[in-house]
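J.: Chain by chain, the residues run as shown.
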Amino acid sequence: MNISPITSASPKSNVNFNGIMDKMAEGIAQGYSKVGNTDTFCKAMDKIGGSDKLMLHLSTASSAVTSGLYIYKNLTDKKKTKNEKITSALNQALTFGISTALSYGVSSALGKASKSLCGKFGEAVAKRGYDQKKVDMLKDGAKNAIDLVVCSSINRFVVPVAVTPVANKLGAKLCNFLNARDAAKAAKAQ
Amino acid sequence: MAIQAINQATQMPKANAQQNVNFNGILDSKAFEAVAEFAGKNSATFNAASSLLMAGVLRPAAIMALPAKDEQEQKNKGIAAAHAIASGLIGFAITSTVMKPISAGLGKVMGNTEKYLPKLHEKMQSNPLLEKNVKKVMQFGPDIILAVPRALLTSKLSHVVEGVLFGKKKKAAKAEAAAPQQTAQPVQQAQSERPVLDSFKGGNK
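Respectively, the protein sequence lines represent chains A and B.
With the working numbering, letter number 86 in the first sequence gets 93, and the count goes up by one each step, no holes.
With the working numbering, letter number 51 in the second sequence gets 849, and the count goes up by one each step, no holes.
Quick caveat, the hints were computed from the structure, so don't treat them as lab data.
Only a predicted model underlies this, so the values are computations on that prediction, with no experimental measurement involved.
Some clues are possibly wrong.
On the chain B side, residues computed to face chain A include the following (Cβ under 10 Å) [as the list claims (entries may be wrong)]:
id, residue
1, Gly-838
2, Lys-913
3, Gln-923
4, Val-962
If we take Cβ atoms under 8 Å as the criterion, some of the chain B residues that face chain A in the derived model are [as the list claims (entries may be wrong)]:
id, residue
5, Lys-839
6, Leu-856
7, Ala-882
8, Leu-915
9, Pro-916
10, Glu-920
11, Val-935
12, Phe-938
13, Arg-948
No residue lacks a Cβ here, since even glycine has one placed at the ideal position from N, Cα and C.
Using the sequences provided together with the hints, build the complete structure.
T.: Here you go:
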C-alpha cells in the first residue's frame, strides 16, 4: 500500500509562519473552511464521522487510485516488452492487494504493539528528570520512529520486496500462457 | 581452558540475541533517545527522510539482492527497483514542497475549529472521534487528488532512473543478443554463393 505523503507531513511540522508560507497556509485554511462548512461535507461527516476505520478506508482509496494508475501506466508503456508490462503490473497489483489485506487484518495488532512500545518509552523517559515539554517532544518523536519500524516498514519495504520474485514468476507464466494462446490462434487462422 | 573458551563463545551470541529481542533495552538506550529527539524536533523531515531512505535506498537494494533465474528476471528486478527509487524521490519532493503549505493550512484549521469550521465545531468538541475523522478526511482529500500527478511523475522518473542505473546492462544484453545474428549472416551469404552445392545438401530453399 502506498503511504500518504500528507500523513507523513505532520501538521505539527516546523513551518515558518512568516511571509509567503503564512499567506499560503491561510489561503489553504480558508479553502478548507469553505469546503468544511458546506452542507454536503457536514452531512457526510454526520454519516461517516463515527467510523473507527475511516482512516484505513481513506488510505485504501488513496492507494487504489495510485496503484490503479501505476498498473495502467505499466500496461500501456510502449518502452516495455510484454513480459515487463505484465510483471510490473502484477507487482503493483500484488503489493496493493497484500498491503491492503494486511492493513485490514493486522493493523490493529500492530497499532497496539506500537502503542505499548511508546508507553514503555514514556515510562523510561519520565524517570530521567526532564521537563514536561521535553518529555512530550520525545514521546512524539518515539511514536514516529516506532510507527516507522513496526507499521510503515511492512507496506513500504517488506511487502514490495517479498512480492517481487512472486510477480516475476507469475509474470513469466502468464506471458508464456498468452504467447501460447496467440500462437494457437495464429495457427488456426492459417 | 579450551572447553571454557568454547562455552563462552557459544553462550555469548545467545546472550546478545536475548538483549536484541529485549525492546526495553533499546527503548532505554541513549541512542534511541537521540533518534526520538531528532524525530520529535523535525517530524516532517524525519518522516520524509525515512520514507526516502526506505523506498529509495533499502527497498531497491533488497530487490536487487534477490536471486534472478535469467536475464528477463534481472531486467524485471531492475524495473521494480527503479520504480521504488522514483516513487521515493517523488514522494519526498511532494512532501517537502506541495504538502508543507497544505499541512500548515490544515494545522491552522484544526487549531482553531471555532473560526474555520463553525458548523462542526460544537459536535467535534463533544466527539473526539469526529474531530479525528474530519482531520483525516481533510488530509486525504488533496492526497487522493495529488495521486494522479504523483503516479504520472513516478512513471516518467522510473524510466530515467532505469536508464541511468541499468541502461548499460540493457545495452550490453542487446549487443549480446545481436552478436549471434551478425555471425550467422556470413555463413548464409557463403552458402548462397554456392547454389548448386546448397541445393544438393538441402540447404537454402
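J.: Hints first: check each against the structure and report whether it holds.
T.: Going through the hints against the structure:
no. : hint    : in the structure
1   : Gly-838 : holds, 3 Å
2   : Lys-913 : holds, 8 Å
3   : Gln-923 : violated, 13 Å
4   : Val-962 : violated, 15 Å
5   : Lys-839 : holds, 7 Å
6   : Leu-856 : holds, 6 Å
7   : Ala-882 : holds, 7 Å
8   : Leu-915 : holds, 5 Å
9   : Pro-916 : holds, 7 Å
10  : Glu-920 : violated, 12 Å
11  : Val-935 : holds, 7 Å
12  : Phe-938 : holds, 4 Å
13  : Arg-948 : holds, 7 Å
The structure shown violates the earlier hints numbered 3, 4, 10.
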